[in-house]
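Here's the letter readout for the chains.
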Amino acid sequence: MKNPAFPFLLPMLLLSLGGFVAPMGVLAFYSLSAGGNPGLFGNYAAFLEDPFNLWIIVDTVTLGFKVVVVATCLAVPIAMLYWHGGRRLRQTVVVLALLPMLASNIVRTFAWIVLLGRNGPLVAIADALGLIDGPRSFLLTEGGLVIALAQIELPLLLLPMIAVLSRMDRRLVEAAEMAGAGPWRIMFTIVLPLTLPGIIAGWILTFASAATNFVTQAAIGGARLIYLPQFLYRQVNILFDWPTASVVAFILIISTGSVILALAMLTRHPRLIGNA
Amino acid sequence: MRKSWTSHLSSISYGLFVYGLGALFLGFMVVPVLISLSMSFTSGQTLKFPPPGLSLRWYAALLDPVQSEIVQQAAWNTLQIAVFAVLASLVFAVPAAFGMARISARRANALEPLFLAPMVLPSLVYGLALLIAANLMHISPSIWLVVLANVVVFGPLMFRATSSIAQQLDPSLEDASSLLGASRWSTFRRVTLPLLAPGIYAGMFLVFIQSIENVSLPLFLAPAGTTILPLEMFAMLQDSLDPRIAAISGVLIAITVLVLVAVQRLTPFLRDQGRS
Amino acid sequence: MQTHSQALTVNGLSHTYAGQPAVEGVSFHVAAGEIAALLGPSGCGKSTVLRAIAGLLPAKPGVISLGGRDISPLPGRERGIGMVFQNYALFPHMTVAENIAYPLSFRGWDRKRRQARVEELLATVQLGGLERRLPRQLSGGQQQRVAVARALAVDPALLLLDEPFAALDRALRLDLQIELVRLQQTLGITTVIVTHDQEEAQALASQLVVMNRGHIEQTGTPAEIYDHPASLFVNSFVGYAGKIRAVVESASAAGSTLKVSTGETLRLPRELRFAPGSPVVLTVRPERLSIVDRPSDFTLAGRLLVSTPLGPDVIRSIALADGTEIKLTEPRDLRRSPLESSAPLFIALDVVNLHVFPAGEAL
Numbered sequence: 001m002k003n004p005a006f007p008f009l010l011p012m013l014l015l016s017l018g019g020f021v022a023p024m025g026v027l028a029f030y031s032l033s034a035g036g037n038p039g040l041f042g043n044y045a046a047f048l049e050d051p052f053n054l055w056i057i058v059d060t061v062t063l064g065f066k067v068v069v070v071a072t073c074l075a076v077p078i079a080m081l082y083w084h085g086g087r088r089l090r091q092t093v094v095v096l097a098l099l100p101m102l103a104s105n106i107v108r109t110f111a112w113i114v115l116l117g118r119n120g121p122l123v124a125i126a127d128a129l130g131l132i133d134g135p136r137s138f139l140l141t142e143g144g145l146v147i148a149l150a151q152i153e154l155p156l157l158l159l160p161m162i163a164v165l166s167r168m169d170r171r172l173v174e175a176a177e178m179a180g181a182g183p184w185r186i187m188f189t190i191v192l193p194l195t196l197p198g199i200i201a202g203w204i205l206t207f208a209s210a211a212t213n214f215v216t217q218a219a220i221g222g223a224r225l226i227y228l229p230q231f232l233y234r235q236v237n238i239l240f241d242w243p244t245a246s247v248v249a250f251i252l253i254i255s256t257g258s259v260i261l262a263l264a265m266l267t268r269h270p271r272l273i274g275n276a
Numbered sequence: 001m002r003k004s005w006t007s008h009l010s011s012i013s014y015g016l017f018v019y020g021l022g023a024l025f026l027g028f029m030v031v032p033v034l035i036s037l038s039m040s041f042t043s044g045q046t047l048k049f050p051p052p053g054l055s056l057r058w059y060a061a062l063l064d065p066v067q068s069e070i071v072q073q074a075a076w077n078t079l080q081i082a083v084f085a086v087l088a089s090l091v092f093a094v095p096a097a098f099g100m101a102r103i104s105a106r107r108a109n110a111l112e113p114l115f116l117a118p119m120v121l122p123s124l125v126y127g128l129a130l131l132i133a134a135n136l137m138h139i140s141p142s143i144w145l146v147v148l149a150n151v152v153v154f155g156p157l158m159f160r161a162t163s164s165i166a167q168q169l170d171p172s173l174e175d176a177s178s179l180l181g182a183s184r185w186s187t188f189r190r191v192t193l194p195l196l197a198p199g200i201y202a203g204m205f206l207v208f209i210q211s212i213e214n215v216s217l218p219l220f221l222a223p224a225g226t227t228i229l230p231l232e233m234f235a236m237l238q239d240s241l242d243p244r245i246a247a248i249s250g251v252l253i254a255i256t257v258l259v260l261v262a263v264q265r266l267t268p269f270l271r272d273q274g275r276s
Numbered sequence: 001m002q003t004h005s006q007a008l009t010v011n012g013l014s015h016t017y018a019g020q021p022a023v024e025g026v027s028f029h030v031a032a033g034e035i036a037a038l039l040g041p042s043g044c045g046k047s048t049v050l051r052a053i054a055g056l057l058p059a060k061p062g063v064i065s066l067g068g069r070d071i072s073p074l075p076g077r078e079r080g081i082g083m084v085f086q087n088y089a090l091f092p093h094m095t096v097a098e099n100i101a102y103p104l105s106f107r108g109w110d111r112k113r114r115q116a117r118v119e120e121l122l123a124t125v126q127l128g129g130l131e132r133r134l135p136r137q138l139s140g141g142q143q144q145r146v147a148v149a150r151a152l153a154v155d156p157a158l159l160l161l162d163e164p165f166a167a168l169d170r171a172l173r174l175d176l177q178i179e180l181v182r183l184q185q186t187l188g189i190t191t192v193i194v195t196h197d198q199e200e201a202q203a204l205a206s207q208l209v210v211m212n213r214g215h216i217e218q219t220g221t222p223a224e225i226y227d228h229p230a231s232l233f234v235n236s237f238v239g240y241a242g243k244i245r246a247v248v249e250s251a252s253a254a255g256s257t258l259k260v261s262t263g264e265t266l267r268l269p270r271e272l273r274f275a276p277g278s279p280v281v282l283t284v285r286p287e288r289l290s291i292v293d294r295p296s297d298f299t300l301a302g303r304l305l306v307s308t309p310l311g312p313d314v315i316r317s318i319a320l321a322d323g324t325e326i327k328l329t330e331p332r333d334l335r336r337s338p339l340e341s342s343a344p345l346f347i348a349l350d351v352v353n354l355h356v357f358p359a360g361e362a363l
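Protein chains in written order, with UniProt numbering: chain U, 1 to 276; chain C, 1 to 276; chain Z, 1 to 363.
Warning: the hint list may mix true and false statements.
[Claimed, not checked] Computed footprint of chain C on chain U; a stretch qualifies when at least three of its residues, placed anywhere within it, have a C-beta under 8 Å from a C-beta of chain C:
| # | stretch |
| --- | --- |
| 1 | 26 to 37 |
| 2 | 69 to 78 |
| 3 | 100 to 111 |
| 4 | 171 to 179 |
[What the hints assert, rightly or not] Calculated from the model, a selection of chain C residues having no Cβ within reach of chain Z, i.e. all distances over 10 Å:
| # | residue |
| --- | --- |
| 5 | 24 |
| 6 | 34 |
| 7 | 110 |
| 8 | 114 |
| 9 | 116 |
| 10 | 136 |
| 11 | 142 |
| 12 | 188 |
| 13 | 258 |
| 14 | 263 |
Everything labelled a hint here was simulated from the structure, so no lab data went into it. Yeah, the Cβ is synthetic: ideal placement off N, Cα and C, and Gly gets one too.
Generate the whole structure from the sequences, applying the supplied hints.
So, in structure tokens, the structure goes:
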């Protein structure tokens, strides 16, 4: 290449190839060749033979889906609030959506440990309402983990939705009103379908982030709820079983990646292209 | 036109959904972070919510050289890592963004996924890949390995922030500059670089914050004897629930806000630029 | 302020984009102190020619000379040319004064001298007092004038303007066009302006270079081009022209006969250089047509479709017998009794000024 721009691209290109592609290649090679299992995919076969491990994969993907569902239920009313809001209300929604981003994942996880813990307000409320029988902790429960992750990842879903809504033509809704549609019908047939590109983009981010959020999964799920990221961590830092760890790494990529790919395919639908 | 009672019911329920649930969930998005911040001012020994009284004792504890020696050391190490990661990202990502705007769209589209890929992958997986690759080359975990990992994984954030501006730059600005007598270097220094600055500052902010917060990369790559702040916080989160973690969170949020304000001050025309 | 105006000659200029010829064999001459307009539809290559003159594209093959000196080998910044870009290309992070002083800083001028020059230029374009504004705080017209001032800062021998009025409101355009012509006349600087707007080109330029599909169709004064178009393309692009299909029946020095697509026959009192039987297209300017009561050798029967008043004139759309639509303009108060829609009438053609082009020529 004698393109004059090439020298500018070279450092980043070398960094990508040497610092990223090469280590990932090593990891792939390692997952196939290291360890004592025979055959090219011996390590993978050995891992997948254990039903306990299969459940971890299922649990991880399911966790991602559960978080996406809960986050969507939370995001839609907020997005509609934004949609109906004037300038001031819209600004407030955007600022409040960005605010949690100022706190790191650890800080936000820490907040949920306080909230879900035995001395936390959620337990006190649930106890007062008679939902639970005496003080206990919501930590180490999947329900607690899903709620916490949904809150932590919510901005990732909400912000792309808001980005689409902010560009949406209000006259579309006026046209639907003139056609005689009520507010619920407008929401379900006009506003939300047109927001779908943002919603799907948000789903991808939320799913990917929730399914691989090692810190929150480990701190709230503890040793009782094991998902692939924590499983990977244990193989490396506790069991020192790097071959298995490298297999888990690729299974994590493949299992979450295929869901993300499927979601991304949705956005290729001709009805969705163009109104993003 | 008189509305029927069903249409009244539908607009009431819709209003409740949008303004009631919307406001409630908006609060739900923000409140946990506020709670964790409020915990940092507790006068109690534990993280009981609501706090029994207010005090700055846990912030004072952070400053205490005896009590918090490890935390302080960890903070210092982390700061160094973040600064080096920012500087190295500048070196790799800014020229790449500049060069990317100067190659054909076909080549740019081929190269961009390569540059952005490390950002998409779970950082836990990349941490393992780099650990195994380094181990094969007989490189043991070190601060520099953490810096490298941060540059590979978060440098793309700088690339993307700068590149999005570089792609939008009107090429006639550089043409105009050269016709007005500027050499290539003068054009770069006096026209291109100042116009890229908002993207560069935003990229610096993102890389800095991510390098301070990320757990997964130092988890595998930091040397055994070296403490790193996110690891220290993660450990506190998992076992002790030391109230100092709330104070550290408070300090981190304050730093984030300060850096964000600084970035916006540095780019006085950033906001108006986006509007036009 | 004075300029050393110089003549521009472009000779045999060609340029290819990715293997596709964008401009082929373009040659024209602009006398010192004159305004020429490169006129043509978008994609005709006029901007490519301008960029080649500026030195932003290589002229290979081709020679561009300014004041008799071949400037083709020089890089753009050494050609002594000022250019106003389509979107003005004002540096958004610099004030008005900094934008204008930018080229001066490469001349090694000191601060004081630069400041004096900036003030002088701002006075010339009537923007005194706006030195410290940023470009986005200016109106479109003010931005355009800053761009002109910046282009003139180092006393260029040639001023290039790329669609300088395209981004402005119609109402504002005329004022700025007049202002530009006045400024150009004061400075006497040789100027080349690129535009797709034929009215703008006629209003501004003393010489038009009409381009189409990468080559020059015709060069001449606005009047020459309007009255004697060299091709059907020029005829239709510069001003409106109604088109009527016909076949040549006979052509001799005594006169020519045409069989029009409506079936009627037209006699022209001049010789046409077409063999009998050739298909042709007649073009008629709306203001050269008139409505008459009775048929003759130079009339065609028609039916009024719609009349639209436009200032002092009225534009009438008329359908010929075979459905061909043409437009006609006449002063509004010429006719006491207004014509009714779909009224049958006859239109008289100005057979002297009527143009005949071979049919099938690309429009």
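Consistency of the hints with the structure:
no., hint, result
1, 26 to 37, "holds (count 3)"
2, 69 to 78, "holds (count 4)"
3, 100 to 111, "holds (count 11)"
4, 171 to 179, "violated (count 0)"
5, 24, "holds (41 Å)"
6, 34, "holds (38 Å)"
7, 110, "holds (18 Å)"
8, 114, "holds (25 Å)"
9, 116, "holds (27 Å)"
10, 136, "holds (45 Å)"
11, 142, "holds (41 Å)"
12, 188, "holds (13 Å)"
13, 258, "holds (25 Å)"
14, 263, "holds (16 Å)"
Consistency with the previously given hints fails for number 4 only.
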